[in-house]
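Single-letter residue listing:
There are 2 protein chains.
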Amino acid sequence: MCQLLGMNCNTPTDIVFSFTGFSLRGGLTDEHQDGWGIAFFEGAGVRHLVDHQAASRSPLADLIKVHPIKSNNVIAHIRKATQGKVALENCHPFIRECWGLNWVFAHNGDLPGFMPVLDGCYQPIGNTDSERAFCYLMQELRRHFGAVAPTLAELTAIVRTLCQEISTYGTFNIMLSNGLALLAHCSTKLHYIIRQYPFTTAHLSDQELSVDFTQVTTPQDKVAVIATVPLTDNEAWHAFMPGELKIFVDGTCHV
Amino acid sequence: MCQLLGMNCNTPTDIVFSFTGFSLRGGLTDEHQDGWGIAFFEGAGVRHLVDHQAASRSPLADLIKVHPIKSNNVIAHIRKATQGKVALENCHPFIRECWGLNWVFAHNGDLPGFMPVLDGCYQPIGNTDSERAFCYLMQELRRHFGAVAPTLAELTAIVRTLCQEISTYGTFNIMLSNGLALLAHCSTKLHYIIRQYPFTTAHLSDQELSVDFTQVTTPQDKVAVIATVPLTDNEAWHAFMPGELKIFVDGTCHV
Chain A
0 MCQLLGMNCN TPTDIVFSFT GFSLRGGLTD EHQDGWGIAF FEGAGVRHLV DHQAASRSPL
60 ADLIKVHPIK SNNVIAHIRK ATQGKVALEN CHPFIRECWG LNWVFAHNGD LPGFMPVLDG
120 CYQPIGNTDS ERAFCYLMQE LRRHFGAVAP TLAELTAIVR TLCQEISTYG TFNIMLSNGL
180 ALLAHCSTKL HYIIRQYPFT TAHLSDQELS VDFTQVTTPQ DKVAVIATVP LTDNEAWHAF
240 MPGELKIFVD GTCHV
Chain B
0 MCQLLGMNCN TPTDIVFSFT GFSLRGGLTD EHQDGWGIAF FEGAGVRHLV DHQAASRSPL
60 ADLIKVHPIK SNNVIAHIRK ATQGKVALEN CHPFIRECWG LNWVFAHNGD LPGFMPVLDG
120 CYQPIGNTDS ERAFCYLMQE LRRHFGAVAP TLAELTAIVR TLCQEISTYG TFNIMLSNGL
180 ALLAHCSTKL HYIIRQYPFT TAHLSDQELS VDFTQVTTPQ DKVAVIATVP LTDNEAWHAF
240 MPGELKIFVD GTCHV
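Order-wise, the sequence lines are chains A and B. When the letters of the first sequence are read in order and numbered with numbering that gives the first Met the number 0, they come out as residues 0 to 254. When the letters of the second sequence are read in order and numbered with numbering that gives the first Met the number 0, they come out as residues 0 to 254.
Hints listed in this document are in silico derivations from the structure and should not be mistaken for laboratory results. Here the structure is a predicted model, which means the values were calculated and not measured. A hint or two may mislead.
[Said to hold, decoys possible] Restraint ranges, calculated between C-beta atoms of paired labels, are given here:
#	chain 1	residue 1	chain 2	residue 2	range
1	B	I157	A	G145	23 to 29 Å
2	A	N126	B	G119	53 to 59 Å
3	A	L117	B	Q219	34 to 40 Å
4	B	D211	A	Q219	53 to 59 Å
5	B	A238	A	H143	47 to 53 Å
6	B	T167	A	M240	55 to 61 Å
7	B	S204	A	H202	51 to 57 Å
8	A	L117	B	I193	37 to 43 Å
9	A	P241	B	G119	45 to 51 Å
10	B	Y196	A	L117	41 to 47 Å
11	B	T150	A	G169	34 to 40 Å
12	B	E164	A	I157	35 to 41 Å
13	B	H66	A	K69	46 to 52 Å
14	B	E164	A	M240	50 to 56 Å
[What the hints assert, rightly or not] If the Cβ cut is set under 8 Å, some of the chain A residues that face chain B in the computed set are:
#	residue
15	P58
16	K79
17	G83
18	V85
19	P123
20	I193
21	E234
Note that the Cβ used here is the ideal one computed from N, Cα and C, for glycine as well.
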């Protein structure tokens with residue numbers, strides 16, 4: 000299995016605090032050491048970093064902590080291989096282009112027996128069930144909406160239906176972002192928190208580290224953090240219900 | 000304008016020496032300071048790093064020099080913006096998936112008036128003529144070969160025709176790789192060198208730095224390096240002829 004981390008905000012924010020705790024679970028405080036990856040949206044562009052080393056021992060992961068990258072939408076993943084060998088092409092998040100936007104996807108769970116018919120517009124590069132599900136998702140979105148990009152409401156409705164369909168094959172906890180919104184679907188386990196004014200001090204679960212958010216924010220800031228397991232031990236995280244799809248835009252949770 | 004750097008080898012090789020000289024041209028020994036990028040194939044996967052900072056001042060570029068990444072196919076680019084703003088989505092190399100392979104592309108030159116009809120299977124994310132040309136190239140490859148990936152000979156023939164067509168709009172020096180081969184097309188300026196047994200010592204043009212390749216190679220190694228302008232001042236680089244497309248496989252130049 001794997002763990003997921005996402006961030007969606009109304010102002011470019013660095014993810015150093017959350018990523019510090021999260022990356023320790025990649026081989027140090029937890030067993031997810033078969034690669035990791037992170038994608039930061041920056042405007043329409045994406046910084047996409049993947050590595051088949053354990054996140055807790057990766058120079059690239061260290062760089063992210065030393066040189067904070069600010070972003071409105073981030074998806075990160077640490078992997079414990081279940082399907083697919085330990086290789087770069089099997090590291091989440093995966094990325095594809097549709098309607099002139101980057102689409103980034105990461106998955107936690109297994110989908111035994113999920114072998115959808117892929118028409119060729121999106122083909123997996125690696126051999127994970129996760130990338131196969133992502134290709135199917137993108138294919139169906141493209142098939143449904145054709146040449147015209149959907150509104151967020153239209154997108155949400157179809158993604159919800161597709162998540163329900165794919166979930167019948169197994170566990171499908173996912174995050175999907177096009178840089179404008181972050182969609183998160185829970186099969187079994189996913190939590191989120193919205194940090195906003197009045198900000199407080201948060202303390203990591205995985206390391207003796209706190210940050211006083213009153214010192215690094217403005218009263219207008221809104222930051223949603225979504226993770227498989229809560230990253231802090233002194234804040235009230237909300238658990239997703241199984242089967243729920245939530246949409247995060249500008250640090251606000253819709254539905 | 001911009002500068003291009005490519006490497007194709009028969010054994011995974013690090014590009015630190017060439018990249019060190021090349022990255023200095025990104026704002027220090029030359030004026031290409033509007034972003035840079037590099038893509039390293041690793042099996043079917045790609046490490047794709049782009050940055051809108053000058054390569055000569057980028058922490059990410061420093062990381063590549065300190066933690067060498069070995070690869071059989073590398074494409075790098077430093078940018079001096081002509082079309083398209085300085086932004087992450089306009090940094091080369093660009094990347095798309097086709098036939099379950101990653102395709103990586105970088106371009107040097109301008110293509111005024113090149114506005115091909117794009118059917119939607121590949122859309123530009125940024126607003127450069129380069130990404131538009133890449134999307135057109137991939138669209139035409141997909142249209143030509145359908146669901147079945149071409150052989151290298153078939154691919155070469157079509158890429159050659161497409162390069163000739165696009166070159167009628169302006170300057171189209173490019174590198175394209177799918178991780179199996181590296182194709183390089185010259186409109187105006189491109190050079191290459193094949194390093195193989197017996198290896199010698201090479202000295203950078205842009206910095207007082209030499210490397211004795213006899214110390215870091217085996218007699219079987221073959222490494223092709225392709226660059227806009229030769230990177231060393233004591234080796235015999237071959238100039239491409241205008242209009243030439245060359246194919247590099249396992250460190251060997253074909254045609």
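Evaluation of the provided hints:
{"no.": "1", "hint": "I157(B) / G145(A): 23 to 29 Å", "verdict": "holds (27 Å)"}
{"no.": "2", "hint": "N126(A) / G119(B): 53 to 59 Å", "verdict": "violated (28 Å)"}
{"no.": "3", "hint": "L117(A) / Q219(B): 34 to 40 Å", "verdict": "holds (39 Å)"}
{"no.": "4", "hint": "D211(B) / Q219(A): 53 to 59 Å", "verdict": "holds (58 Å)"}
{"no.": "5", "hint": "A238(B) / H143(A): 47 to 53 Å", "verdict": "holds (51 Å)"}
{"no.": "6", "hint": "T167(B) / M240(A): 55 to 61 Å", "verdict": "holds (59 Å)"}
{"no.": "7", "hint": "S204(B) / H202(A): 51 to 57 Å", "verdict": "holds (53 Å)"}
{"no.": "8", "hint": "L117(A) / I193(B): 37 to 43 Å", "verdict": "holds (39 Å)"}
{"no.": "9", "hint": "P241(A) / G119(B): 45 to 51 Å", "verdict": "violated (36 Å)"}
{"no.": "10", "hint": "Y196(B) / L117(A): 41 to 47 Å", "verdict": "holds (44 Å)"}
{"no.": "11", "hint": "T150(B) / G169(A): 34 to 40 Å", "verdict": "holds (37 Å)"}
{"no.": "12", "hint": "E164(B) / I157(A): 35 to 41 Å", "verdict": "holds (37 Å)"}
{"no.": "13", "hint": "H66(B) / K69(A): 46 to 52 Å", "verdict": "violated (24 Å)"}
{"no.": "14", "hint": "E164(B) / M240(A): 50 to 56 Å", "verdict": "holds (55 Å)"}
{"no.": "15", "hint": "P58", "verdict": "holds (5 Å)"}
{"no.": "16", "hint": "K79", "verdict": "violated (18 Å)"}
{"no.": "17", "hint": "G83", "verdict": "violated (11 Å)"}
{"no.": "18", "hint": "V85", "verdict": "violated (11 Å)"}
{"no.": "19", "hint": "P123", "verdict": "holds (6 Å)"}
{"no.": "20", "hint": "I193", "verdict": "violated (27 Å)"}
{"no.": "21", "hint": "E234", "verdict": "violated (31 Å)"}
Comparing the model with each numbered hint stated earlier shows that hints 2, 9, 13, 16, 17, 18, 20, 21 do not hold.
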